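K.L.:
Sequence:
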Amino acid sequence: MAPATSAPLPALGAPGVYLAPDAAGRPPLPVRMDVCAFVGVAPRGPAWERADGPAVDRARSVAVPVQSWQEYEEVFGGYAGPGLLPHAVAAFFAQGGSRAYIVRIVPREPVPTQDAQVPPARAVLTFASGVTDGNGAALRLQARNEGRWGALLTATLTFGVVAMPVPGLDGRTLVLTPGTTVTAGSLLRLRPRGGTDELRLVTGVMRRPARAGTGWELLAALDAPVTGPLERAEEVTAVLDVVDGDPGRARSERFTDLGLTSGHPRWLGAALSTGSRLVEPMPSTEAVLPADSRLAPALATVTTCGTDRYVFLTPEDFFGAPLADPEAPPGGLDALRDLPDCATVVVPDLYAPAEPPAAESVSTPATLAGADFAPCVPVPGSGPTRRPPTDLPGLRCDPLDRGERAVVVALQQRVVAFAERENMVALLDVPPGLRPRDVLSWRSAFDSSYAAAYHGWPRVPDPRVNRLVTVAPAPYAAGTLAAAEHARGTPFGPAQAPLAGVVDVAEGPGRRTGSGPADPEALGTLHRAGINVCVLGRSGARITAARTLARDPASGQLTARRTVSYLERTLEQQLAWAAFEPNDALLRDRVRVAVEHLLLDLFAAGAFAGGSPADSFFVRVPAAGTAAGTATGGADLLCEIGVAPGTPLEFLVVRVLRMDDGTLRTEGGR
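Be aware that the sequence shown starts at 827, since it is given in my numbering, and climbs by one per residue.
Since the hints were derived computationally from the structure, they do not count as laboratory data.
All values derive from a computational prediction rather than experimental measurement.
Glycine included, every Cβ here is placed at the ideal spot set by N, Cα and C.
Be aware that one or more of the hints could be misleading.
[What the hints assert, rightly or not] Restraint ranges, calculated between C-beta atoms of paired labels, are given here: (1) A1236 <-> R1446: 35 to 43 angstroms; (2) E897 <-> P1035: 54 to 62 angstroms; (3) T1100 <-> A1047: 22 to 30 angstroms; (4) H1312 <-> E1407: 32 to 40 angstroms; (5) T1029 <-> D1217: 51 to 59 angstroms; (6) T1009 <-> G1101: 14 to 22 angstroms; (7) D1217 <-> R998: 57 to 65 angstroms; (8) A1036 <-> A1122: 37 to 45 angstroms.
Turn these sequences into a full structure, and let the hints guide you.
P.N.:
Put into structure tokens, the structure is as follows:
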């Protein structure tokens, strides 16, 4: 590796210590290609978060990064709810994924506006007594986001005091002793001589020339006068404890040293808005004022229950505004725009199959056989049971119906179009239950290297009950993709990696019957069509290949697509400095060298097909005065890059030979 280029030293004058500038040209961190976004339905999690906009101040959808299944469970509620999102995220992390973005989908109507800023379907907590909201009404909090989960919330507000040096009194102004610190918005408890405690708000802090001596004295203006000289002064702060009584996963939060008015630096409302996952203040709350100077604790319980609005979800909720509006807050997939490290996207709840597959028991069959030899009389089992109908009626779509399958295709095409715009790869699930010819018909609707399809829905144990459930295959591909990225880098695909947790494949040519796949010929047909199949073998379930849905064979490998995307993202990051450099020959040389260094690193990692750098890539930066340099479509500098991505082996032929001496020998070939 070449040494870092040192910046010029400062001019040296008198003897002494001089600080050298930072070394120039430090390479930025490499871009990540292992991060996947999941967009789906969850019972809780960020939605309608505050955003900047001229008419709407709430963003319906928010991309939340999580690093593990436990973190997802903490924020989004685990396996609760009717969607496939939790199964998808669990599969991703089980296969080796380490970072994901989660976008919770909620109905887009009604839209909270500045005139009605309270988002819908949230639980509301009310403090029965002991505290008001500054307008004389009982203080209320609302659950951070919509859903029935908020019905289990409780909150307790307690007050504390910190003694301060007794200040002087000048009407409605306190003359603070030197060293005393009080901020505007503070609540004080003051006791006049021979009187009772009184609560006063500090409306402002100022200074004036000291009346005695030199210097300045600090003044604190009060919202109301205090009768008589003071014998005691205390600053009042609050502690808020919030508890979520979820029996599956209890959560709690504590906020300390809180200010009680909106002008305080530690204003309770601001602390909750930026730091709480459970509650936030009502928009009308301007202060939190104790009922009296005794500062008794206050308890809040739920007075309005939140609701789950699953029945109102429609496919349009997965997408942003119909018209591109850069000022509009993001919704659906648009929450993923401009994420620097998101490389793949999976939408497991884009539609809900009309009839979910039956759930099969995984318990040990009962029997009446005893310790003595006798005929075995098995106890009749209940057999497979049908899962209850999904409560996502607005997303229900039967892919076995030709018309409804066309709706599914149209929705998936919109996901692919989004992935193309954002330089991501959309991992699609082939709709379940399709016959082989219908699978090929479905595949013919796509032609993009920014999409990959997976057929054969895995069956996994449901952690909530002793049953097998059928889940989508794309999240397993996303997890193996991330694991391969960590282990070997972008140029190497994830195909044939074992799928952790999969015990069966529900359908397709990858479902095992007897000693092999159900239909090896169909498996080959789908492979040639660019469909990656989940296959159950003796050593577990695996995904056969890593191909895209591009019809051009040159763009058919997922590793090639990801390598080019890695190049684009890395160059966009590493060449950002060139935008403000003089447009001269030196700039062109620096750009060419930077690009060549990146390509040489990829060549050394085995990303290209050629046996030498010259056979693997080229970099051309035409001079400004040449014909090639001026035909740049309005650009001042043109850099042409050509690469030959490596092609996976995919097929390995093994011959077993029996030698004359009776030994066996294997020979492999491509």
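K.L.:
For each hint, tell me whether it holds in the structure or not.
P.N.:
Here is how each hint holds up against the structure:
A beta carbon spacing of about 41 angstroms between A1236 and R1446 agrees with the range 35 to 43 angstroms that was offered as a hint. For E897 paired with P1035, a C-beta distance near 56 angstroms keeps the hint of 54 to 62 angstroms intact. A C-beta distance of roughly 28 angstroms is found between T1100 and A1047, which places it inside the suggested range of 22 to 30 angstroms. Distance hint for H1312 and E1407: a CB-CB separation of about 35 angstroms, consistent with the stated range 32 to 40 angstroms.
Taking 51 to 59 angstroms as the suggested C-beta distance range, the pair T1029 and D1217 conforms, at roughly 52 angstroms. The hinted range of 14 to 22 angstroms is satisfied by T1009 and G1101, whose Cβ atoms lie roughly 19 angstroms apart. Under the hint 57 to 65 angstroms, the C-beta atoms of D1217 and R998, about 60 angstroms apart, fit the expected range. Taken as a hint, the range 37 to 45 angstroms holds for the pair A1036 and A1122, whose Cβ atoms sit roughly 40 angstroms apart.
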